[in-house]
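S.K.: Quick note, the sequences are listed as chains A and B, same order. For reference, each letter of the first sequence is one residue, going 1 to 474 in our numbering. For reference, each letter of the second sequence is one residue, going 1 to 506 in our numbering.
In short, the hints are calculated from the structure, not lab data. Since the model is a prediction, treat every value here as computed from it, not as a measurement. Among these hints, one or two may not hold up.
[To be verified] Derived pair list, reagent style DSSO-like, types lysine-lysine, alpha-carbon separation capped at 27 Å: (1) A:155 x A:428; (2) A:422 x B:112; (3) B:170 x A:428; (4) B:112 x A:428; (5) A:428 x A:470; (6) B:448 x A:428; (7) A:422 x A:93; (8) B:112 x B:438; (9) A:350 x B:363; (10) B:438 x B:448; (11) A:470 x A:422; (12) A:422 x B:170; (13) B:448 x B:407; (14) B:438 x B:363; (15) B:32 x B:112; (16) A:350 x A:470; (17) B:448 x B:363.
[Claimed, not checked] Anything over 12 Å on all C-beta distances counts as not near chain A; from chain B, calculated: (18) 7; (19) 233; (20) 389.
Glycine included, C-beta positions come from ideal geometry on N, C-alpha and C.
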Amino acid sequence: MTELYALLPALVLGLGGMVLLTGGVLAKKSETTPAVTFGAVVLLAVAAVVNLLAPDTLIWNGLFKTSLFTRFADTLVYLGAIAALILSVDYNKREGIARFEYPILVLFAVIGMIAMISAADMLTLYLGFELQSLALYICAALARDNLRSTEAGLKYFVLGALASGLLVYGISLVYGFAGTTNFAALGEVFRSGTAGVGTIAGVVFVLVGIAFKISAAPFHMWAPDVYEGAPTSVTALFATAPKAAAMALFLSVMAGPFGHLTGQWSALIQILAVLSMVIGALAAIGQSNIKRLLAYSSISHMGYALMGLATGTVDGIQASLVYIAIYVVMSFGVFGCVVAMRRNGQSVEKISDLAGLASEHPGFAFAMAVFMWSMAGIPPLAGFFAKLYVFATAFNAGLDTLTIIGIVASVVSAFYYLRVIKVMYFDKGQPNFERVSAGAGFVMAVGAFATIVFVILPGPLMAVAGEAAKALMG
Amino acid sequence: MNQLGFPILSLITYLPLLGAFIIATLSGDEAKIACRARAIALGFSVLVLVLGVYVWTQFNTGIAGYQFVEAMPWLSGINVEYRMGVDGISLFLILLTLVLTPIAILSSNGIKTRARSFFAAMLLLETMTIGMFAATDFVLFYIFFEAVLLPMYLIIGVWGGERRIYAAVKFFVFTLAGSLFMLLALVWIWRHLGTTNIAVITHAAIPAHAQMWLFLAFLAAFGVKAAVWPLHTWLPDAYGEAPVPGTIMLAAVLSKMGAYGFLRFALPMLPNASYAAEPLMFTLGVVAVIYISYVALAQTDMKRMIAYSSVAHMGVIIIGLFTFTVEGIEGALFQMLSHGLVIAGLFICAGILTARGQGLTLKNLGGLASNMPVFAAALMFFTLANMGLPGTSGFIGEILVIVGALKVNFWVSLLGGAGMVLGVTYSLVLVRAVLFEKYARPELAGLKDLTGREYAMLLPLAVLVMWLGVYPSSFTHAFDAPINALVQAHSAALNPHMALAMVTAK
């Protein structure tokens, strides 16, 4: 029975998705899309609630686990997916890409993410990884008549396939040298804290494969193009749910089976973190497209989140989880704003298109300013606390240089976030944006509200993340 | 909880935030919103002023530590608590903020566009500033210290003058870069002392080599904010381009945040490093006083001239702080209050001319004394106070600093004092160019004298300047306890050095 209960969220999504698919195929009209999206959102919400009530288990001979850690990460995935679906309703309709398959693909991708997060074996990990990737490749190319969208889909597919190849090669090496793919058994094998060159090579390949998915530099090349090319509603999904899932996977693999090898991989994670923070900050300066800017911003955020992992401690994992949680909320909020950037029936993506927004849509501009400031890490907004926790834990773990680089990168990145605010508030212009749709307005309001009030009640999130980190590290 | 039994400091801090929220929900046509928003902003700022005065009446001057203390669990994960409190040092800086915010709001009738956002930003600024002075936890302090940037950035950038965008971005990037060094210091302190409670960390023993690094970090953060030469270059742009209410808040209140930071953190926490940095800080202070006074003399714009005079006065404050004498530090603190009131008066005078459609280029002004006698008297009064005429607040602050400096180093005292003479020159140039000689342009003769609203802004300031100048002990006796404690702790921390320094001084 507990097995069933632990799988219930995935079952709800899978079976529900099948029903919606059947319904959509039979109805065969694009008008069904809002209904299907609504159904998908309901399924996600139900799954999210069931997930929170699920017990801690390890089922199927140690293939699939649920714990507070998986529940925490799953919740972030559900949040991101629900927000992205809400944003897609209006946007996809106006863009003429309102296909009923999209919400269903999102559901299947979410199942893959749940499998990634709950993986207790390299094989479950790989299955989940592929399931979510395949669904997302199609999503990226959703606007199939649009050149940039198809290009984005193809690029994502080719580079994603490479990442999968690296990952599976790494898994095979680890299996070959350690003789098992089970996380708990691997943990036992590496208990001594040492491993041969072959195993380490395997660990590095696994690490690189996952680094591709979170778009940590230097494996970030696909992100700006895919973010820019994919329809904005899909980009909103890419920036939230899969990032949270892949980051959780990163944490669970590195701290789980390879937890005793911290000494071997910590330096690699630090390099990834430094490169992501620096490249994310520097490359974003020259961007004029808001989606590309957010892609680089996301790369640098992954760098900060990795700082926590680099410590290899419970505190560090906690800081990373807090960072990811805050990142997901800021991201869906900011994409709520980007989705709402429409003029004369077309979506616009240039930063300069925002000129004069503060006079025309003060609420919209305020929300955007909140997200920009929060991402720049200016107190009292949530993004500041996210950075404070990772800096504090990294510094506490003796990673002084990493912390200093993080702080410097943070000043540099403040510069480009500030530019967006400058354009909205100081520059003269007539954005003539269309009325903000209810969905986008709702998503940005929720995101901005959470970002602002986090300062009053940081305790619960901190505490839950701490418990989740303990559950992971045992 | 505290002697009043309810969190009055939090109330004072967050009431303006409530006001800002109410203003943000106003709707109607532009003119009506502007009118209502100003009324609400004024109402809230006066209300918190009344509460602030009440705190003053209940304040016990005999205690060196924090009063009206509030403590609540907050960031439990990293052992940081929400702590508020005031002592003799922060009390008057909070009162200064409380007095100047309604005056700045009164001075904002030139704001016609997006008035709702403007008044919300002003109230937000008040919240952040008071919170910063009242915070007694380092993390909380840092948050308020940084958060001040957000409303100020918008106030300069949206409602400022021609080069507002340049000024706003420069202001933001300079202060942010400085503050992040303080963030490093904060993380170091949290890691090594295990707490960020200011009352605890200021008495912790920190190894001398670490003190030097921490001091440099604080110098970057507070030096930029206090516009210590040569970190002052953002200041003339920001002061010059900000709208009048913004300039008042920047010059009168925000510039004190840096000096307050030195006084609250650098001096008590890092006695060895502060002592070692004394020659450096004296040099920076003296250069600011003398060199910046000359720069002020060369300005052709009234607002920029006042801005540079402000940098020169910050030099005096820095000298006073680093004398480590009771006189010097009290003088610096007194000078902070006095300078806040006087500079606000001067910028209001500049704003009065702007409101009458006049540019502030000095050579286009002149002769106003004959048709605006009351304005002339006010400008003259604040200028005299600015140069430290006895009987005004400026005199007390400067004389205390000079006496304090004299105890430590004759030359610093002499050169710092020389700045007062230079202050006289640019002040008189300013007054002559604006008030006397003949009208530079015929339309100047038609300008009307002060309106009732302008009286309401200038009179309280003038009264306060006189009060501080004639009866300073109603303020200084609150300084005595905390500053004596600070100076004693300081000399105890470097006993051997201090004894040596005394001998040399004699």
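S.K.: Are the hints correct? Go through all of them and say.
M.R.: Now the hints, each set against the structure:
{"no.": "1", "hint": "A:155 x A:428", "in the structure": "violated, 37 Å"}
{"no.": "2", "hint": "A:422 x B:112", "in the structure": "holds, 20 Å"}
{"no.": "3", "hint": "B:170 x A:428", "in the structure": "holds, 20 Å"}
{"no.": "4", "hint": "B:112 x A:428", "in the structure": "holds, 16 Å"}
{"no.": "5", "hint": "A:428 x A:470", "in the structure": "violated, 51 Å"}
{"no.": "6", "hint": "B:448 x A:428", "in the structure": "violated, 34 Å"}
{"no.": "7", "hint": "A:422 x A:93", "in the structure": "violated, 31 Å"}
{"no.": "8", "hint": "B:112 x B:438", "in the structure": "violated, 33 Å"}
{"no.": "9", "hint": "A:350 x B:363", "in the structure": "violated, 44 Å"}
{"no.": "10", "hint": "B:438 x B:448", "in the structure": "holds, 17 Å"}
{"no.": "11", "hint": "A:470 x A:422", "in the structure": "violated, 42 Å"}
{"no.": "12", "hint": "A:422 x B:170", "in the structure": "holds, 12 Å"}
{"no.": "13", "hint": "B:448 x B:407", "in the structure": "violated, 50 Å"}
{"no.": "14", "hint": "B:438 x B:363", "in the structure": "holds, 11 Å"}
{"no.": "15", "hint": "B:32 x B:112", "in the structure": "holds, 11 Å"}
{"no.": "16", "hint": "A:350 x A:470", "in the structure": "violated, 43 Å"}
{"no.": "17", "hint": "B:448 x B:363", "in the structure": "holds, 20 Å"}
{"no.": "18", "hint": "7", "in the structure": "holds, 14 Å"}
{"no.": "19", "hint": "233", "in the structure": "holds, 17 Å"}
{"no.": "20", "hint": "389", "in the structure": "holds, 41 Å"}
When held up to the earlier numbered hints, the structure conflicts with 1, 5, 6, 7, 8, 9, 11, 13, 16 and fits the remainder.
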